[in-house]
Amino acid sequence: MSIVIENVEKTFIDSKKKEVTALKDINFTIEEEEFVVLVGPSGCGKSTLLNIVGGLLSPTSGSVYFEGIKESNPNLGIVFQEIALFPWRTVFENVVYGLQERGVSKKQQQEIGNHYIDMVGLTDFKDAYPKQLSGGMKQRAGIARALAVEPDLLLMDEPFSALDAQTRTLMQEELLTIWNRTKLSTLYVTHNIEEAVYLADRVIVLSRHPGQIKEIINIDLPKTGRNDEKYREQSSKYADEIWQLIRHDAEAALKE
Amino acid sequence: MSIVIENVEKTFIDSKKKEVTALKDINFTIEEEEFVVLVGPSGCGKSTLLNIVGGLLSPTSGSVYFEGIKESNPNLGIVFQEIALFPWRTVFENVVYGLQERGVSKKQQQEIGNHYIDMVGLTDFKDAYPKQLSGGMKQRAGIARALAVEPDLLLMDEPFSALDAQTRTLMQEELLTIWNRTKLSTLYVTHNIEEAVYLADRVIVLSRHPGQIKEIINIDLPKTGRNDEKYREQSSKYADEIWQLIRHDAEAALKE
Amino acid sequence: MEKQKQVITNRVAFLDKKVPFYTSFLGIAGILVLWEIVSRIGIVSPLFLPAPSNIVITGWEMLVSGEIYGNLTASLYRIVLGYAIGAACGILIGLIIGFFRTADAIGTPIVYAIYPIPKIALLPLFILWLGIGELSKVTIIALGVFFPVVINTFSGVKSVDPMLVKAAVTFGSNRINVIRKVILPGALPMIFAGLKLAAGTSLLLLVSAEMIAAQEGIGSMVLHYGNLMITSKLMVGVLILSLLGLIFNRALRWLENKLIPWKE
Amino acid sequence: MEKQKQVITNRVAFLDKKVPFYTSFLGIAGILVLWEIVSRIGIVSPLFLPAPSNIVITGWEMLVSGEIYGNLTASLYRIVLGYAIGAACGILIGLIIGFFRTADAIGTPIVYAIYPIPKIALLPLFILWLGIGELSKVTIIALGVFFPVVINTFSGVKSVDPMLVKAAVTFGSNRINVIRKVILPGALPMIFAGLKLAAGTSLLLLVSAEMIAAQEGIGSMVLHYGNLMITSKLMVGVLILSLLGLIFNRALRWLENKLIPWKE
Amino acid sequence: GQESSNGSTGSTDSDTEQASVDIGMLKLTSSAPLFIALEKGYFEEEGIDAQVSWFEAAQPIAVATAGGDVDVGATGITASLYNMVAGGEELVIVADKGREQEGYSSTALLVHSDSDIETVEDLKDKKIGITQTGSTFHYMAGRLLEEHGLTSADVEMVPVNSIPGLMETLQSKQVDAVLLNEPNITMVLDEGYGKVITQVGDVIDYQTSGIFFSKSFAGDTEAATKFLKAYAKATQYYYDAVLTKENGEIVPGENYDEVIQIIAEYTDQEPAIIERGLPYMDPYGQLLAPDIQTQIDWYAKEELIAVPIDADEIVNTDLLDQAIKELE
Ligand SMILES: Nc1ncnc2c1ncn2[C@@H]1O[C@H](COP(=O)(O)OP(=O)(O)OP(=O)(O)O)[C@@H](O)[C@H]1O
Ligand SMILES: Nc1ncnc2c1ncn2[C@@H]1O[C@H](COP(=O)(O)OP(=O)(O)OP(=O)(O)O)[C@@H](O)[C@H]1O
Ligand SMILES: [Mg+2]
Ligand SMILES: [Mg+2]
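Residue numbers (the numbering used here), protein chains in the order written: chain A, 1 to 256; chain B, 1 to 256; chain C, 1 to 264; chain D, 1 to 264; chain E, 1 to 328.
Hints are computed from structural coordinates only; laboratory data are not their basis.
It cannot be assumed that every hint is accurate.
With a cut-off of at most 25 Å between alpha-carbon atoms, the simulated SDA-like pairs for lysine to any residue come out as follows [unchecked claim]:
no. : chain 1 : residue 1 : chain 2 : residue 2
1   : C       : 158       : D       : 17
2   : B       : 17        : D       : 101
3   : D       : 17        : C       : 162
4   : E       : 127       : E       : 148
5   : B       : 126       : D       : 181
6   : D       : 263       : A       : 256
7   : C       : 17        : B       : 243
8   : A       : 17        : D       : 22
9   : C       : 5         : B       : 135
10  : A       : 255       : B       : 135
11  : A       : 230       : B       : 243
12  : C       : 181       : A       : 135
To give a feel for the contact side, a few chain C residues facing chain E, derived at Cβ under 10 Å [stated by the list, open to error]:
no. : residue
13  : 41
14  : 45
15  : 46
16  : 48
17  : 228
18  : 257
Where is the CB? At the ideal position from N, CA and C, for every residue including glycine.
The shape of chain A in the complex, shown without the other chains (with noise of 0.2 Å):
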């Protein structure tokens, strides 16, 4: 199974009623059980290109589609950078909404909701509600409940950024932790190259205006371990390489 991005373009219109292509020809494929880092500047059309994946936005041409799935409704699971929980539902309540609208039993929800949130270490604040948890311990909730559908592809759109910068460090550990137990395909954008080559089997570099693929990176580190001192030099290598892609349409951005 592998996920299809094909010719995708996104022209939005402008509030001055001007077309503006935020997409243009993109073309790549997510292999199962890859996982695939989208970078970028500011405004290149990272959100953009996730949400058409994510069955959020239509593209305006071109599609995506997923290949040689058995399942005539493939599932997905998406981490949102605003974490968006439902403040009226407890952790618990929000980690099984998807189990819920899929008519999942009470005892199913029980135990697969239980195993997420075993995983991402909130059982003891299963009944909180989102206002009593942390940032980081938010952005985890917002995780187990993608993961507790137990999804095709696995979306997330920078789900760290907002986090200080050593929890950060840590949620990545985590989640690498928890993606080698899972094994998902995902999609994940950030804005932070040390975490794209922190977490990519293949890290796609985006330019802006219109946003297009720059270059398409493979990371070949082991998937572990890649914080030991004998990989950092190469890892700080992918980094440079490229920040030095990324960086003039990054400057060019914050001078907007």
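With the hints as your guide, set chains B, C, D and E with the ligands onto chain A.
Same frame as chain A, now just chains B, C, D and E with the ligands:
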């Protein structure tokens, strides 16, 4: 001239009316033209300490003083995490606020204001209101406002934490460029260890419960070009050393 | 040479200034005592300003005589019925124009066209249409409640974070479930804001309507004793209305806390 | 074997549904046309529901005859004066209790004790105290305006980001300048929210007071034609009041945009 | 709202002996004797410097008199007046200023001209429009009903807050009957939408309004008597001019036109309208003293006054008697 932090201790009364010691036995000195960075896990008291030094909070015991200064009323410039620009003032009016309050003449306000707005690259946005600026531009205006009073001590509390990773990298570079021109004594708070290593002459690592100085680390690297290939390994070692000091506390903070 | 030392002191200490806890009581107690004294020693004639003690005693007598009971039930009937009808319609229509674009395009301009009319001005019209009985008064109150509620419900629906709708759809909700599980709870805080706003308006309309066209009710009682210059009984009426307003507000707040435990 | 292909489609497309721009007009226009027809062909007697065209014509006649002018000036005098006094006092006292802790401790409980009284209930009392002339009506309106304004001003002061106060102090402001340059502009948006809320209340109070105790004014004119069952003239009165409400609101919004250009 | 003006036109010579007296009143026909006294200089003759405070409503006059803001008040006698006295305010009623009297048209009960109501008895279960609760209209309606064997509980009294309101609601048939006074009765009859069922004065004698003295002015017997001498002269002048009857018909007296002219000037109204609404007044301004107790008893029975009071507390006929004696 130096700034001495002597035996500072701070206790708060928490919501359950219990006394909580946020800071204990804090002793250090910021030398002239020194860039001191405070790092530590969430809730270790970084902001509390910075506020005490900035005269925005009273220490429970101990004191903070300038030594060997001529003026009777030392100038402070603070850059806040929340930026705290006055929304009803344009960039220019914000930047010259401190000058106005000191009774500086209109003409000099113009001169100094334009100088610092130029320095942070906001000349085109002089007359814009803060709501019209992006996050990065807002923070640059905040920095210009703090510099404009030509402070004896510059205080910065996580100034870049709300920015995206790429903007942050660019802003760090800019800050260093500006600092090299002004050479202000600076106390800088951050969660981000790479940032600390990139900017600091000295890093003070705090532990939590209560906030105490765990270690003071001198960064023996040239002030500019720490990003260069040749220093990258050394930087990375410093960062690792600091991370090992903090990690345990950071994990604990995440579970609260 | 001695080194110069410039200690940094807290310059925002004034923000933390505390006032003794009893100051709050002092204000109200002071006014009441002053008022009592002023009326007692006759600086102001009790005809114009009866002493608080006098008002309380008169109130008790009116309670015992059953006079309050009759007027209060008449008023309560009107306001409860009017408020319930107005709030129910307001929430319903607010949800409809909030969620369906076509209903929004048609309904919103109509709502905003009628909204600025001070509702009491319609009382004579309703008396013409519906007679001078309870119906016209209940309608006026319902109408006065309807508008703040419909507008707040509408804004509430519109202010629901679209991210949450997207999240719900992503996790498999159909449109009905989006309304039921996302739009409705998401709009609830704004709906309550509307209900609270409407509470004040409904009371104002009740009293005005009773003064203009009623023989019974606390409003007409106040006017009646005003005409008769029986100030202490007038004040009892005002006191009852103010208690009514207070209870109304508290009840809504209690309900809000029950229904929106997750509100920050 | 053919590979299976499952295309991902946009599941929130319903959020972007557009309605033709003319739908908004359709609603209002439809109602007006229906109304005109219903009255014209006599399904409903024009005595109860005069046709819109009839109302406009009657309005024009009343304008020419000067009848509207006299009543309108009487009403405008009352509401402008009452609103100005109430708003000025409300802002002033709101700032004082917002900024001085002691004033807060003393003043706030008093404000909240009087707040729930539906102000019109005080009209008979004010007639006793101040006579039946303009003063009692103006006072009622001022009082009705005072409370929402004072409470909003107070919350406005309290809601000013303490970070901004700290920033101002850091950059050398003394307390007076903190009030002038930070608290006041920071509270302005909330003050305007209060002023807008008060606009509706003041109009309601004006009409009620004029219906209860006045010979002149749009409110008493509406009641007068209600008593006479001259529905078209009554409707003209309602129309004027609704225009008054609209203009009032627009004027405040215009002022807000002038005074708070930095508001998001 | 009240405005002060020097009421004594013409004479500006300041007699040192003159006692200054503030009079609070309305621009209504029923204040005619005061207008006459002012206009014809009766007050100066008695050595009184009369100052007039014009009021817009009746109630504040009583309040001002009791409070001593004016020395003399001239207005209607309502439940609120009795409640004021019961509430500790002090004033005394000293003279007549208009009453319902058999044979003289003043206040009447009207129904719509289409109405099938013909007698007061037919009013059972009907709506009667009055101005306000506790007003003179309320009292008259109640007493009319009682004289015809009904009680106020048998009808619905609808307060419409104003006299124009009464006419309007009658015209649109929102009430079945109203009480109205002259000249409004004539206006209704002229427009043809109403008809008179009965004249109040034909059923009861009723002291509708009076002259009040503040406690301190009443205590100044000399000035009070002087004032009442002037007032009594004026009422007599008024009576002779407009209320004299020959063979049961009112005929214009010698000074008829002059009196109408004075009233028209003070009230800013057309003489033709004034002529229709000339209330009955006692020739010597004497109060219908026993009626005051009757009023108090009725209001008390209807629970319109909080604490029953004794008529003796507020009526003082001695001053006027003294004045009349001095005049003769
Ligand atoms: N609904 C919309 N209407 C008009 N233009 C839009 C809309 N959404 C996005 N755009 C434009 O499309 C471009 C891409 O936006 P997008 O949010 O996908 O970028 P991004 O890479 O996610 O940026 P960021 O890093 O800031 O999140 C931007 O120029 C943006 O202004
Ligand atoms: N006003 C206050 N009242 C009570 N406790 C407080 C107050 N301010 C801070 N604290 C407590 O003091 C400790 C230190 O807080 P501080 O904000 O200085 O930490 P920090 O290191 O800046 O954290 P962060 O990294 O999250 O900004 C925390 O435990 C906090 O809960
Ligand atoms: Mg994005
Ligand atoms: Mg902090």
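Evaluation of the provided hints:
1. C:158 to D:17: 14 Å, holds
2. B:17 to D:101: This hinted pair holds, its Cα atoms lying about 22 Å apart.
3. D:17 to C:162: It holds: about 14 Å lies between the C-alpha atoms, which stays within 25 Å.
4. E:127 to E:148: 16 Å, holds
5. B:126 to D:181: Status holds; Cα separation ~20 Å.
6. D:263 to A:256: 21 Å, holds
7. C:17 to B:243: Measuring from Cα to Cα gives roughly 40 Å; hence the hint is violated.
8. A:17 to D:22: 20 Å, holds
9. C:5 to B:135: 38 Å, violated
10. A:255 to B:135: 11 Å, holds
11. A:230 to B:243: Roughly 17 Å between the alpha carbons, so the hint for residue 230 (chain A) and residue 243 (chain B) holds.
12. C:181 to A:135: 24 Å, holds
13. 41: 13 Å, violated
14. 45: 6 Å, holds
15. 46: For residue 46 (chain C), the interface hint holds, since the closest Cβ of chain E sits about 6 Å away, which is under 10 Å.
16. 48: 8 Å, holds
17. 228: Holds - the Cβ of residue 228 (chain C) comes within 10 Å of chain E, reaching about 4 Å at its closest.
18. 257: 43 Å, violated
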